[in-house]
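Based on these hints, arrange chain B on the given structure of chain A.
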Amino acid sequence: MDFRWTEEQRTFRHTLRQTIQALLPHNWDVISRGGPGATEQLEFSRDFCAAISERGLLVPHWPAQYGGADMGPWEQFILGEEMSAAGEPRALQYMNVNYIGPTIMAFGSEAQKHYHLDKIRRGRTVWCQGFSEPDAGSDLAALRTRAEKTGSGYRINGNKVWTSGAQCADFCLLLARTGSGKSAISVFLVAMDSPGIEVRDIPAAVGGGGFHEVFFTDVEVPAEVRLGGEDQGWDIVRYALQHERVGVPHYAKSGEVIDKVVAELKRSGEFDNPLVRVRAARAKAACEAARMLVYRVISQRAQGIPPTADTNLARLATIKAQRMTVDFLAELAPKQLLSGGSEVEALYRYAIAIPMASGATEVQLDLVARNFLDLPRAH
Amino acid sequence: MYVLLKNEEQTHIADSVQQFLAAELPLERWRPNTPAADDRQHWPQMQALGWLGLGIDEQHGGVGYGLAEEILLLRECGRYLLTPTFMATLMAAHIAAAADQRRLVESLLAGEHCAAPTLLLPSANDREPAGNDANAYVFDYRAGDLLLLEEAGGFALYRSDAIKQSEQRPCLDDSLALTQVTLALTDPLCRVSEAESLQCRWRVMLAALNCGLAEAARDHAVAYAKVREQFGSAIGKFQAVKHKCSDMAVRAELAWAQTMEAALDCQHQQANAVLKSASAKWLATDAAHRNAADCVQVHGGMGFQAECNAQLFVKRAHLYDQLGGTMAQQLHHLLQADSPL
Chain A
11 MDFRWTEEQR TFRHTLRQTI QALLPHNWDV ISRGGPGATE QLEFSRDFCA
61 AISERGLLVP HWPAQYGGAD MGPWEQFILG EEMSAAGEPR ALQYMNVNYI
111 GPTIMAFGSE AQKHYHLDKI RRGRTVWCQG FSEPDAGSDL AALRTRAEKT
161 GSGYRINGNK VWTSGAQCAD FCLLLARTGS GKSAISVFLV AMDSPGIEVR
211 DIPAAVGGGG FHEVFFTDVE VPAEVRLGGE DQGWDIVRYA LQHERVGVPH
261 YAKSGEVIDK VVAELKRSGE FDNPLVRVRA ARAKAACEAA RMLVYRVISQ
311 RAQGIPPTAD TNLARLATIK AQRMTVDFLA ELAPKQLLSG GSEVEALYRY
361 AIAIPMASGA TEVQLDLVAR NFLDLPRAH
Chain B
25 MYVLLKNEEQ THIADSVQQF LAAELPLERW RPNTPAADDR QHWPQMQALG
75 WLGLGIDEQH GGVGYGLAEE ILLLRECGRY LLTPTFMATL MAAHIAAAAD
125 QRRLVESLLA GEHCAAPTLL LPSANDREPA GNDANAYVFD YRAGDLLLLE
175 EAGGFALYRS DAIKQSEQRP CLDDSLALTQ VTLALTDPLC RVSEAESLQC
225 RWRVMLAALN CGLAEAARDH AVAYAKVREQ FGSAIGKFQA VKHKCSDMAV
275 RAELAWAQTM EAALDCQHQQ ANAVLKSASA KWLATDAAHR NAADCVQVHG
325 GMGFQAECNA QLFVKRAHLY DQLGGTMAQQ LHHLLQADSP L
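Chains as they are written, first to last, in the numbering used here: chain A, 11 to 389; chain B, 25 to 365.
This is chain A alone, in the form it adopts within the complex:
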């Protein structure tokens, strides 16, 4: 074991910070008020990602053959931390570069790779993820959207829900049933302007906003948009989710807001109170511990070790750190909490939804019980 950032990694982080600061407009706090799924931030991301793409900072962790710089998982994560701490100016394009692109690299045809990876790395394309359905949330295997074979491709019918960013998305990473068995699921890369797709807004009261229902009515797609083999969907989803679940380094933003509030508490003298110091320290420690668990996962990935239940542990620790952070903020910065538009309020709203996103806490705990503790399956 040895944990030190290399000189190159330090420089990389420094360059990133400077670049982000230089590229964020003065009204970034207004643009980012609705979070990464909201229209304003998504539209901003098209310019922002194009700009960092030109500087080689959008997909540096991708292989050079796909336009990357062959940097490793550590650099990918430094990138994620800095972006997350800045309020995620890539908006939902973080999904593109973290797992949608890599999933296409792993399972895509040459034509798909050429077409989609090129678009993604230029930074002007928004994707949404068509997984959850009204009756298939935690129980994803219950999904009912169907892709029926036609002469030249597939006809898709069904509906998806809680789809972030669907209002702006150019493409959808869609899961649909292609047969009758439980495992007969396939993945499709569907253009969102295909006739028969309707996006309806779901007014959201917390989190990033921009949640939608997406209805597919006799949507005809060519066979070439299927990713991987027919009925290979679960393999692909597993691969994608392993890349997603360790996911967003929420502890980076949480840690930064703690620092700001602590600075204010110091100015007001409240930080002299030992109870306040303890609360701050506990929240900060939880963020740092979550960071270390996440780093263990990255370390495994960097060594090419297949993903384990450590991913779920890291995700749970991240959720817990964020909870402790917002509890601390609610207690020590109560007036900011009630005021719409403050950073504290935005983080609080966002945190309400986080224990549901990319696998509810209960599902993560179940996976830890099964895969880490070897306890028997409940169902």
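Everything labelled a hint here was simulated from the structure, so no lab data went into it.
Errors might be hidden in some of the hints.
Said to hold, decoys possible - Cross-link-like lysine to any residue pairs, in silico, SDA-like; alpha carbons within 20 angstroms at most:
id, chain 1, residue 1, chain 2, residue 2
1, A, 129, A, 75
2, A, 276, B, 146
3, A, 129, A, 213
4, B, 266, A, 149
5, A, 276, B, 261
6, A, 345, B, 145
7, A, 345, B, 157
8, A, 123, A, 239
9, B, 188, B, 204
10, A, 345, B, 351
11, A, 345, B, 144
12, B, 261, A, 150
13, A, 129, A, 54
14, B, 266, A, 148
15, B, 250, A, 145
16, A, 345, A, 150
17, B, 188, B, 145
18, A, 294, A, 92
19, A, 270, B, 146
20, A, 129, A, 109
21, A, 192, A, 213
22, B, 261, A, 36
23, B, 266, A, 387
24, B, 250, A, 373
25, A, 345, B, 191
26, B, 250, A, 370
27, A, 330, B, 325
28, B, 250, A, 372
29, A, 123, A, 79
30, A, 345, A, 381
31, B, 261, A, 239
32, B, 188, B, 144
The structure presented is a predicted model; accordingly, all values stated were derived computationally and were not measured.
For chain B alone, coordinates are given in the frame of chain A:
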């Protein structure tokens, strides 16, 4: 001896309040695409039902019940997320009665005036107003309302002409209107200092609201857990969900038991009223925060949609937390109070 069960009259009060709110002010009024809710429209009816003077003694023109009956009313108001100006108006009448300002009590009981809860902002920033001015947040304020302020040791009511500047702001809780104001704190309409028993009452009233909120969050979660199916059965069958619901029930019940006891102690002016009221406020606020968060979690993706009530509970609990002293301040009271035995 403690009698912690409602008598017939009290049961009647709770039932009639519940029926009125369920019919006139259901939680569905906060759904998107429904006309903006306006709880104030129902003020004349609530006034006619005697709610405004329920806990005010008869010599001040009230109904003459005590705090025990008042918390039954407020618990239901908590369940339906009634505008906080309602409980602020109840409290304003108690403050006016304690100051023996009969005309003011009369006007509040008659529904001529409403009081809006007001939170003073810490004045540590550069834009700190001069002299006796202070910045504050006022909730659900309308022109002409009185402002209810908590002060060190007591309370003050200000007329709306104390507002020198005001600005509408968005609020974490979208079901509340938040006005940021600069106030001239020179000439209160009514002030009661060294008002420990009023402070205890205010804590118990807020505890009752949070008890109602915690119960409503529990009931919503349980109802959903019974009908939502995943993995081939109702999710309430899974221990991960079932035990969460049971925990919510325990929190709500013990908070309510402590709130009732605190109400009785305050009513009979027991020496441990501070301890009991602070304990009730802490327990009820904790129950409200945690039940509300669990209610969102049980609802999954539904939980953060605007049409689901779960998120409303999460947000409203924070206002009730900050009024009457935060959870940390209640703990402070608990540590300072004498042992009850």
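Against the structure, the hints come out as follows:
With a C-alpha separation of about 14 angstroms, the suggested pair residue 129/A and residue 75/A falls inside the 20 angstroms cut-off, and the hint holds. Straight-line distance between C-alpha atoms of residue 276/A and residue 146/B comes to about 14 angstroms, which keeps the hinted pair within the 20 angstroms bound. A hinted pair counts as satisfied when its Cα atoms are at most 20 angstroms apart, and residue 129/A with residue 213/A does not qualify at roughly 30 angstroms. At most 20 angstroms may separate the alpha-carbon atoms for a hinted pair to count; residue 266/B and residue 149/A meet this at roughly 17 angstroms.
For the suggested pair residue 276/A and residue 261/B, the alpha carbons sit about 48 angstroms apart, so the restraint of at most 20 angstroms is broken. Note on residue 345/A and residue 145/B: the hinted pairing holds, with a Cα-Cα distance of about 7 angstroms set against a maximum of 20 angstroms. Between residue 345/A and residue 157/B the alpha-carbon distance is near 18 angstroms, which keeps this suggested pair within the 20 angstroms criterion. Of the pairs offered as hints, the one joining residue 123/A and residue 239/A holds, with about 15 angstroms between alpha carbons and a cut-off of 20 angstroms not exceeded.
In summary, the hint linking residue 188/B to residue 204/B is supported, as the alpha carbons are separated by about 11 angstroms, within the 20 angstroms threshold. The hinted pair formed by residue 345/A and residue 351/B meets the criterion: a straight-line CA distance of about 14 angstroms does not exceed 20 angstroms. Restraint check: the Cα-Cα separation between residue 345/A and residue 144/B comes to about 9 angstroms, which is no more than 20 angstroms; the hinted pair holds. Between residue 261/B and residue 150/A the CA atoms are separated by roughly 18 angstroms; this keeps the pair inside 20 angstroms, and the hint holds.
Only pairs whose Cα atoms come within 20 angstroms are accepted, and residue 129/A paired with residue 54/A is accepted, the gap being roughly 17 angstroms. Between residue 266/B and residue 148/A the alpha-carbon distance is near 16 angstroms, which keeps this suggested pair within the 20 angstroms criterion. Taking the CA atoms of residue 250/B and residue 145/A, the gap is near 15 angstroms; set against the 20 angstroms cutoff, the hint holds. With a C-alpha separation of about 40 angstroms, the suggested pair residue 345/A and residue 150/A falls outside the 20 angstroms cut-off, and the hint is violated.
Note on residue 188/B and residue 145/B: the hinted pairing holds, with a Cα-Cα distance of about 15 angstroms set against a maximum of 20 angstroms. A hinted pair counts as satisfied when its Cα atoms are at most 20 angstroms apart, and residue 294/A with residue 92/A qualifies at roughly 17 angstroms. Of the pairs offered as hints, the one joining residue 270/A and residue 146/B holds, with about 17 angstroms between alpha carbons and a cut-off of 20 angstroms not exceeded. Between residue 129/A and residue 109/A the alpha-carbon distance is near 15 angstroms, which keeps this suggested pair within the 20 angstroms criterion.
Distance check on the hinted pair: residue 192/A and residue 213/A sit about 32 angstroms apart at the alpha-carbon level, beyond 20 angstroms; violated. At roughly 51 angstroms between alpha-carbon atoms, residue 261/B and residue 36/A are farther apart than 20 angstroms, so this suggested pair is violated. Proximity of residue 266/B to residue 387/A is assessed by CA-CA distance (about 18 angstroms); at most 20 angstroms being required, the pair is judged to hold. With a CA separation close to 19 angstroms, the supplied pair residue 250/B and residue 373/A stays within the 20 angstroms bound.
About 16 angstroms separates the Cα atoms of residue 345/A and residue 191/B, which keeps this hinted pair within 20 angstroms; it holds. At most 20 angstroms may separate the alpha-carbon atoms for a hinted pair to count; residue 250/B and residue 370/A meet this at roughly 18 angstroms. At roughly 19 angstroms between alpha-carbon atoms, residue 330/A and residue 325/B fall within 20 angstroms of each other, so this suggested pair holds. A hinted pair counts as satisfied when its Cα atoms are at most 20 angstroms apart, and residue 250/B with residue 372/A qualifies at roughly 17 angstroms.
Annotation: proposed proximity of residue 123/A to residue 79/A holds, straight-line Cα distance about 17 angstroms (limit 20 angstroms). Our distance criterion of 20 angstroms between C-alpha atoms is broken by residue 345/A and residue 381/A, whose separation comes to about 43 angstroms. A distance of roughly 37 angstroms separates the Cα atoms of residue 261/B and residue 239/A; the hinted pair therefore is violated under the 20 angstroms criterion. Using a Cα cut-off of 20 angstroms, the hinted pair residue 188/B and residue 144/B holds, with the two alpha carbons roughly 14 angstroms apart.
This entry does not satisfy hints 3, 5, 16, 21, 22, 30, 31, going by the numbered hints stated previously.
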